[in-house]
Amino acid sequence: MEYIIITIGFALTIFGLYGILSQKNMIKIIIGFSLFTTGINIVMVAIGFIRGGTAPILDEAGKEIGKYVDPLPQALVLTSIVIGLGVTALMLAYVMKLYQDKKSLNINDYKDLKW
Amino acid sequence: MLIVLASVLGIASMVGAYFAIHSKSLTVAIIATGVVSLISSILFLLLAAPDVAMTEASIGSALTSAIFFLTLNKIRQTNG
Amino acid sequence: MGKKTMIALITLALAFVIYPLYQSYNGSETLKDVGQYYIDNGVEETGAQNLVTSVVVTYRGLDTLGEVTILFLAASVISFFLSFSKNDRIKSRSIRSVTEILTTSTQVLVPMIFMFGVYIFVNGHLTPGGGFQGGAVIASGIILMFLSNPRFKLSHKVIQFVESTSGIVFVLIGAAGALMMDGDFLSNKIPGFGFGEVGSIISAGAIPVIYTFLGLKVGAELSNVLGVFVESQSEK
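Here the protein sequences come in this chain order: A, B and C.
The numbering of the first sequence is this note's numbering, which starts it at 1 and goes up by one.
The numbering of the second sequence is this note's numbering, which starts it at 1001 and goes up by one.
The numbering of the third sequence is this note's numbering, which starts it at 2001 and goes up by one.
Do not take every clue at face value.
Straight-line distance between alpha carbons at most 16 angstroms, and here's what the computed EDC-like set of lysine to aspartate or glutamate pairs gives [claimed, not checked]:
(1) A:Lys102 x A:Asp112
(2) A:Lys63 x C:Asp2040
(3) A:Lys97 x A:Glu2
(4) A:Lys67 x C:Glu2231
(5) C:Lys2153 x C:Glu2231
(6) A:Lys111 x A:Asp101
(7) A:Lys63 x C:Glu2044
(8) A:Lys97 x A:Asp112
(9) A:Lys97 x C:Glu2044
(10) A:Lys97 x A:Asp109
(11) A:Lys67 x C:Asp2033
(12) A:Lys67 x C:Asp2040
Hints in this document: simulated from the structure, not taken from any laboratory.
Could you build all of it, start to finish, from the sequences and the hints given here?
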């Protein structure tokens, strides 16, 4: 099972990069970033998985199984998801301001740093 | 059993990712992103990570989609 | 040509980079050293049943402080970007009428959603969940309030008060761990916060207190981001 899930994670990562590179619409590019983050998060949690392990909560039900997955990647991914929301919101705020300026979502219309 | 479930979810998330990137309509793309996020939260649950699954379902799926839609609404308003 | 070939090349390059990672992955049967240490000693050292919580709040507490700072920075930059002067405001924002069902169900649901959020972060050391999840649940209650009442406005004073107070308390508890005991910053061994009986709600030292304030802070920050986005809709 964990092989299938890590494959999904890598596939989403590659799909996200492809979306970032191939799309012209800025909102689509941000969607690509979002897919990329999701894929990386899945891969990170899958690396900490132990076959037959249960969630790292040491209560009665957990002690019966006695085998736990690694809590460290889970804590890392928890952080990563919350920061991902902040970064996405920041990018969308930029897009809103850029659109007010030039009335276009096409990334090729923004050539202010090109000469 | 879990392998079948994981495969089905994997195919669904690939279809969702395809629509998120290649759909002509931005609304469809945003909803597809939310669906991929929701499926990934089920995958986290399969990987025995309930904390991460809760975070992904509430933040990655709900709040991110809400912010995307607010931006889209603002852009359409500005347009006319 | 050019562009499409480049895209294919870069995507293939990423695939090439991650292929060894994929190939060397074999679902392991045993834990690595650090994970094994947390499993063996986590409950004794922190008193929390949920090990993810003890990693987030105690072992990697400084990372969490940094994360909350990043979230705060992102929220402030967003507010700065989307703020607008009073003159730009269009008073007559077209407001769609809201159905009776949505208004009534919001009045019933929002207190329950808030209570659920508080439940999640108060029980963070026992069950899955914690400050981030509880804060996000509270923010989703705020979305419902925005949807049901278009004239609803977040009080910036309340948000500011909640956020700054909980941030200060978080840092003060961390400093208390460093000063009063020979412990480290954000250590869990503070006099006055006993470990109690593992598995009961009042246990695990300072973890429930820290996580409660963390939940309030994250909830206030996420609500603030949402509020700024909603407010910017009425801008010209």
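Cross-check of the supplied hints:
no.: 1; hint: A:Lys102 x A:Asp112; in the structure: holds, 11 angstroms
no.: 2; hint: A:Lys63 x C:Asp2040; in the structure: holds, 12 angstroms
no.: 3; hint: A:Lys97 x A:Glu2; in the structure: violated, 42 angstroms
no.: 4; hint: A:Lys67 x C:Glu2231; in the structure: violated, 49 angstroms
no.: 5; hint: C:Lys2153 x C:Glu2231; in the structure: holds, 8 angstroms
no.: 6; hint: A:Lys111 x A:Asp101; in the structure: holds, 13 angstroms
no.: 7; hint: A:Lys63 x C:Glu2044; in the structure: holds, 15 angstroms
no.: 8; hint: A:Lys97 x A:Asp112; in the structure: holds, 15 angstroms
no.: 9; hint: A:Lys97 x C:Glu2044; in the structure: violated, 51 angstroms
no.: 10; hint: A:Lys97 x A:Asp109; in the structure: holds, 14 angstroms
no.: 11; hint: A:Lys67 x C:Asp2033; in the structure: holds, 15 angstroms
no.: 12; hint: A:Lys67 x C:Asp2040; in the structure: holds, 11 angstroms
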